[in-house]
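Peer 1: Each chain, written out:
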Amino acid sequence: MLEVNNIEVVYSHVILVLKGVSLSVPAGGIVALLGANGAGKTTTLKAISNLLHSERGEVTKGNIQFEGSEIQNLSPTELVSSGCIQVMEGRHCFGHLSIEENLMTGAYTRKDGSAAIKQDLEKVYEYFPRLRERKRSQAGYTSGGEQQMCAIGRALMSRPKMILLDEPSMGLAPQLVEEIFEIVKNLNEKEGVSFLLAEQNTNVALRYATYGYILESGRVVMDGDAKELRENEDVKEFYLGVGGEGRRSFRDVKHYRRRKRWLA
Amino acid sequence: MSPAFLNFVEIVLNGLMTGVMYSLVALGFVLIFKASGIFNFAQGVMALFAALTLVGLQTGQVPFSHLINAIFGTEIHHWGGGMHTVFAILITMAVMIILAFLIEKIVLKHLVNQEPIILFMATIGLAYFLEGAGDLMWGADVKVLNVGLPSGGSFWWEDVTREWASTGSEYWGMYIDKLDVTATVIALILVTVLTAFSQYTATGRALRAVADDHQAAMSVGISLRTIWVIVWSIAGFVALVAGIMWGSKSGIQFSLSLIALKALPVLILGGFTSIPGAIIGGLIIGVGEKLAEAYVGPLVGGAIENWFAYMLALAFLLFRPQGLFGDKIIERI
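Protein chains in written order, with our numbering: chain A, 1 to 264; chain B, 1 to 333.
For reference, chain A alone in the conformation it holds in the complex (with noise of 0.2 angstroms):
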């Protein structure tokens, strides 16, 4: 559904980001995209996105298509109508408008009329009933969690057929990172709706997504299905913070160093 060859990223016209990104998400699937901070997990979201212009980047090389056309020449706009929307990180609700209103741009680009946008928003609801209650109340006085559900749920009004999720569970207890989970879940199977999430936290992304991507910087070190990636002895020890051979001491530095076997 969604493949990105290749792809390099330069920001300012100097600064190379993304040296060679390449993936793909199949139709129905959740696709994770993994690795630390600077690795260039959001950079892949928002070249796919197109939100890489106002921040003076672009791809210079390779090529992303959405179902089968070229789509790095789509403006934001057109994009969303077509289908794929981003859920960019730290939630960015519109804190002035209420819960509902911020919902609503969602439906911004649709033609379909009023009546089909007043069906999805009570579905919304049904996603998230906590956003019902809080439907009149400023976004920018809600939660974290409540702010998370209220971009996805903004991003769900668009009727997407492929939603780019960056970081949903930045700055979120771990409890309700489970519940944005079992709810992006919910969506992929009874929507239907594609994911590509961008996350740090690799063990709750590895739970959900059916494959996933190593990112490092810049660069796809590893990809894999998701329980082939969980069981890796590398991923294991740099990502999911479980050492490979039980607890070690800190004495044996050269022993806990580990090599990072797939920059060899």
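Keep in mind that a hint or two might mislead.
Residues on chain A that point at chain B, a partial pick, calculated with CB under 10 angstroms [as the list claims (entries may be wrong)]:
#1 S49
#2 I71
#3 S75
#4 S81
#5 H92
#6 G140
#7 A151
#8 R154
In short, the hints are calculated from the structure, not lab data.
Note that the structure is a prediction, hence the values are computed from the model and not measured.
Ideal Cβ positions, reconstructed from N, Cα and C, are used throughout, including at glycine.
Mind docking chain B on chain A? Use the hints.
Peer 2: Below, chain B alone, put in the same frame as chain A:
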């Protein structure tokens, strides 16, 4: 009622109506600031430009006539007898919309996500450009604008108020300019319409969304460029209204662009992001400066009117920087 009290009432009333005139200019600032975070220094010049265009069309002036005459040695000034006021207003509005479109296309498009100060500088450039363009197109002479609005003092009101004074006192009634009353009514209608537009329409909601968060607005598919054209068109419309009012009141001259400066304290008082705030801020400034002039002025030799607004603004900056009605700065901890 004693003449002193009636005098006081007259000053307040006139102050209120002067305030409305300030508000009309401030309104344009608020619209653009809300939607794009740009402080549009050119708002006053836009009012001037709109008024110049209106009067030019109305009297049938040939645009760029001086330039054409200088190059081709011709002697053209006017075509026919001009056009009907209503047509002239409609065409001026169209010109303002085209202007908004060009501003987006030529200036703003290239400055997405730049620092506010850079955008501000761009609007200063725009102000000078428009002032020059207005000069080149319509000439620099002072023009009289008459769109058929009632003007002059109201005798009826003078008679009514004369009756109020206690018998025997020498009181000759209050002076109220009919033009000011008209301006007030028009401003009220304008604000009501604008508020309704931004609260209850999808476009209005998108405007507020853009005001809150550019990036997020783009991510849900709101086109910043469309929104900016819309906002600058509305601001152009407000500028036209302000231009008509100020032009009818004091003639169309290039110092008109300086009324933009009087809008600054209004904005600081009312808050840069609130439409009702712009109105109430204007009223407070209007009344404040007239009262200060009348009662404090004589003690310090007058001319308080000129700086009172700025002092008030300064005090506000110290104690309530977001203004009376500005958006509360929502901060989660």
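Peer 1: Does each hint hold? Answer for all of them.
Peer 2: So, going through the hints one by one against the coordinates:
Residue-level restraint check for S49/A holds (minimum Cβ-Cβ distance to chain B is 7 angstroms; threshold 10 angstroms). The beta carbon of I71/A comes no nearer than 13 angstroms to any beta carbon in chain B, farther than 10 angstroms, and the hint placing it at the interface is violated. Residue-level restraint check for S75/A holds (minimum Cβ-Cβ distance to chain B is 7 angstroms; threshold 10 angstroms). Annotation: interface hint on S81/A holds; nearest CB of chain B at approximately 6 angstroms, less than 10 angstroms.
At about 4 angstroms, the closest approach between the beta carbon of H92/A and any beta carbon in chain B falls short of 10 angstroms, and the interface hint on this residue holds. Annotation: interface hint on G140/A holds; nearest CB of chain B at approximately 4 angstroms, less than 10 angstroms. Hint status for A151/A: holds, given a least beta-carbon distance of 8 angstroms to chain B, under 10 angstroms. Proximity of R154/A to chain B holds as hinted, the smallest CB-CB distance being about 6 angstroms (cut-off 10 angstroms).
The structure is inconsistent with hint 2 alone, although it conforms to all the rest.
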